[in-house]
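Enquirer: Take a look at the letters that make up each chain.
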Amino acid sequence: GDSVTQMEGPVTLSEEAFLTINCTYTATGYPSLFWYVQYPGEGLQLLLKATKADDKGSNKGFEATYRKETTSFHLEKGSVQVSDSAVYFCALRNSGTYKYIFGTGTRLKVLA
Amino acid sequence: GAVVSQHPSWVICKSGTSVKIECRSLDFQATTMFWYRQFPKQSLMLMATSNEGSKATYEQGVEKDKFLINHASLTLSTLTVTSAHPEDSSFYICSARGGALAGAGFGELFFGEGSRLTVL
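So the protein lines, in turn, are chains C and S. Residue numbering for the first sequence follows the working numbering, starting at 1 and increasing by one per position. Residue numbering for the second sequence follows the working numbering, starting at 1 and increasing by one per position.
If we strip away everything but chain S, and leave its shape as in the complex, we get:
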């Protein structure tokens, strides 16, 4: 199946610093990528939808200035947690939607392995 890779898989940072997480579709072009946040023992919460070449669409309650999303190419989307605080510590997961021309199942969602952020 199609592969989505996230980097880094885990990161520890000091409060007040910014952290960037990359999400790459390795063998297909992803016109749309999604960013989720997963709290312990809770479901995945959709944070934003990222379309290549346009501004991300954020879900209600998600701070745009806090969680900057850039989808610069058909294979890369980045999530930057700005001025991170301990409450931002979480597991962040990206997913990418396969397109009809890319060989991946059309419309099927492929998930990255997740990035665990710990803010001290």
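For reference, chain C alone in the conformation it holds in the complex:
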């Protein structure tokens, strides 16, 4: 079945460091890919998405490129801030369905 694999956390970085959170997926068909962020005590918020191969999603300085050849959707940010501390979830939604498959989440902690 469809699945999403994320790198295990927690990831601890200093402010202004470069961030990469790896995400790979397994899916039949042509899924849409998403990154969601969950701040402490809150629900999930859509951070960015990409709906087809080679699309790049971006928001708030975060970027991720849909790589079909490597089945990956790695999240990157050039310079993280303390306020980016949260749990990040990679997810996919296969075409023809509204079911989302989530990765296990990666906790990011950014130190001042």
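Derived from the structure by calculation, the hints contain no laboratory data. Where hints are given, some of them may not hold.
[As the list claims (entries may be wrong)] Cut-off 27 Å, straight-line C-alpha distance, at most; resulting in silico cross-link-like pairs (DSS-like, lysine-lysine): (1) C/K109 to C/K60; (2) C/K99 to S/K14; (3) C/K99 to S/K20; (4) C/K49 to S/K41; (5) S/K64 to C/K99; (6) C/K52 to C/K109; (7) S/K55 to S/K20; (8) C/K99 to S/K41.
[To be verified] One-sided excerpt, in silico: chain S residues whose CB lies under 7 Å from chain C: (9) S43; (10) L44; (11) G112.
[Unchecked claim] Some chain C residues flagged as far from chain S (calculated, every beta-carbon gap over 10 Å): (12) N22; (13) T28; (14) G29; (15) E42; (16) T65; (17) E69; (18) E76; (19) T104; (20) L108; (21) V110; (22) A112.
None of these values were measured; they are calculated from a predicted model. Even for Gly, the Cβ is constructed at its ideal location relative to N, Cα and C.
Model the placement of chain S on the given structure of chain C, informed by the hints.
Expert: For chain S alone, coordinates are given in the frame of chain C:
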């Protein structure tokens, strides 16, 4: 963006009692809502898909009689944990799918803030 609100945000109950959690789409009509359960340090597990006016569709391994889902209107879905036990303690999150006529991104999923249930 569209707002989905859950209530209560946290609840503590005694073993054997039932607890109801509400999920409301505040500014759009949600024909479909989803209920997830999130375990500590684990991913969200889809429990069921709720369609307005019809019976919920449960994922394999989720007890229908244990987790009652009602989607009575286009803006409200409820999850009732019946005869709760300590192993039901978890973080429950609902999400709602925006529709084309509702102003929300078509097909995009909007999440509530979650409800933490602790069963003593």
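Enquirer: For every hint, state whether the structure bears it out.
Expert: Going through the hints against the structure:
Taken as a hint, the C/K109 and C/K60 pair is honoured in the structure, with Cα atoms around 17 Å apart against an allowance of 27 Å. Pair hint C/K99 plus S/K14 does not hold up; C-alpha atoms about 33 Å apart against a cutoff of 27 Å. With a CA separation close to 24 Å, the supplied pair C/K99 and S/K20 stays within the 27 Å bound. For the suggested pair C/K49 and S/K41, the alpha carbons sit about 23 Å apart, so the restraint of at most 27 Å is met.
Taken as a hint, the S/K64 and C/K99 pair is honoured in the structure, with Cα atoms around 19 Å apart against an allowance of 27 Å. Between C/K52 and C/K109, the direct Cα distance comes to roughly 30 Å. Violation of the 27 Å bound is thereby established for this hinted pair. The straight-line distance between the Cα atoms of S/K55 and S/K20 is roughly 17 Å, inside the 27 Å bound, and the hint therefore holds. A hinted pair counts as satisfied when its Cα atoms are at most 27 Å apart, and C/K99 with S/K41 qualifies at roughly 21 Å.
Contact between S/S43 and chain C, as hinted, is supported at the beta carbon level, the nearest pair being about 4 Å apart and thus within 7 Å. A distance limit of 7 Å between C-beta atoms decides the matter here; for S/L44 the minimum to chain C is near 5 Å, and the interface restraint holds. Interface hint at S/G112: satisfied, since its Cβ lies 5 Å from the closest Cβ of chain C, which is below the 7 Å cut-off. Residue-level check passed: C/N22 sits 15 Å from the nearest beta carbon of chain S, beyond 10 Å.
Annotated as non-interface, C/T28 keeps its C-beta farther than 10 Å from every C-beta of chain S; the closest such distance is 18 Å. A cut-off of 10 Å between C-beta atoms confirms that C/G29 is not in contact with chain S; the least separation is 15 Å. At roughly 5 Å, the least C-beta separation between C/E42 and chain S is not larger than 10 Å, which violates its mark as non-interface. At roughly 20 Å from the closest C-beta of chain S, the C-beta of C/T65 stays outside 10 Å, upholding its exclusion from the interface.
At roughly 25 Å, the least C-beta separation between C/E69 and chain S is larger than 10 Å, which holds for a residue marked as non-interface. No Cβ of chain S approaches the Cβ of C/E76 within 10 Å, the least distance being about 21 Å, so the stated non-interface status holds. With a least beta-carbon separation of about 4 Å from chain S, C/T104 fails to lie farther than 10 Å from that chain, contradicting its non-interface assignment. Its beta-carbon lying about 14 Å from the closest one in chain S, C/L108 satisfies the requirement of being farther than 10 Å from that chain.
Remark: the non-interface label on C/V110 is consistent with the geometry, its nearest Cβ contact in chain S lying 19 Å away (cut-off 10 Å). In this structure C/A112 is separated from chain S by more than 10 Å, as the shortest Cβ-Cβ distance comes to about 25 Å.
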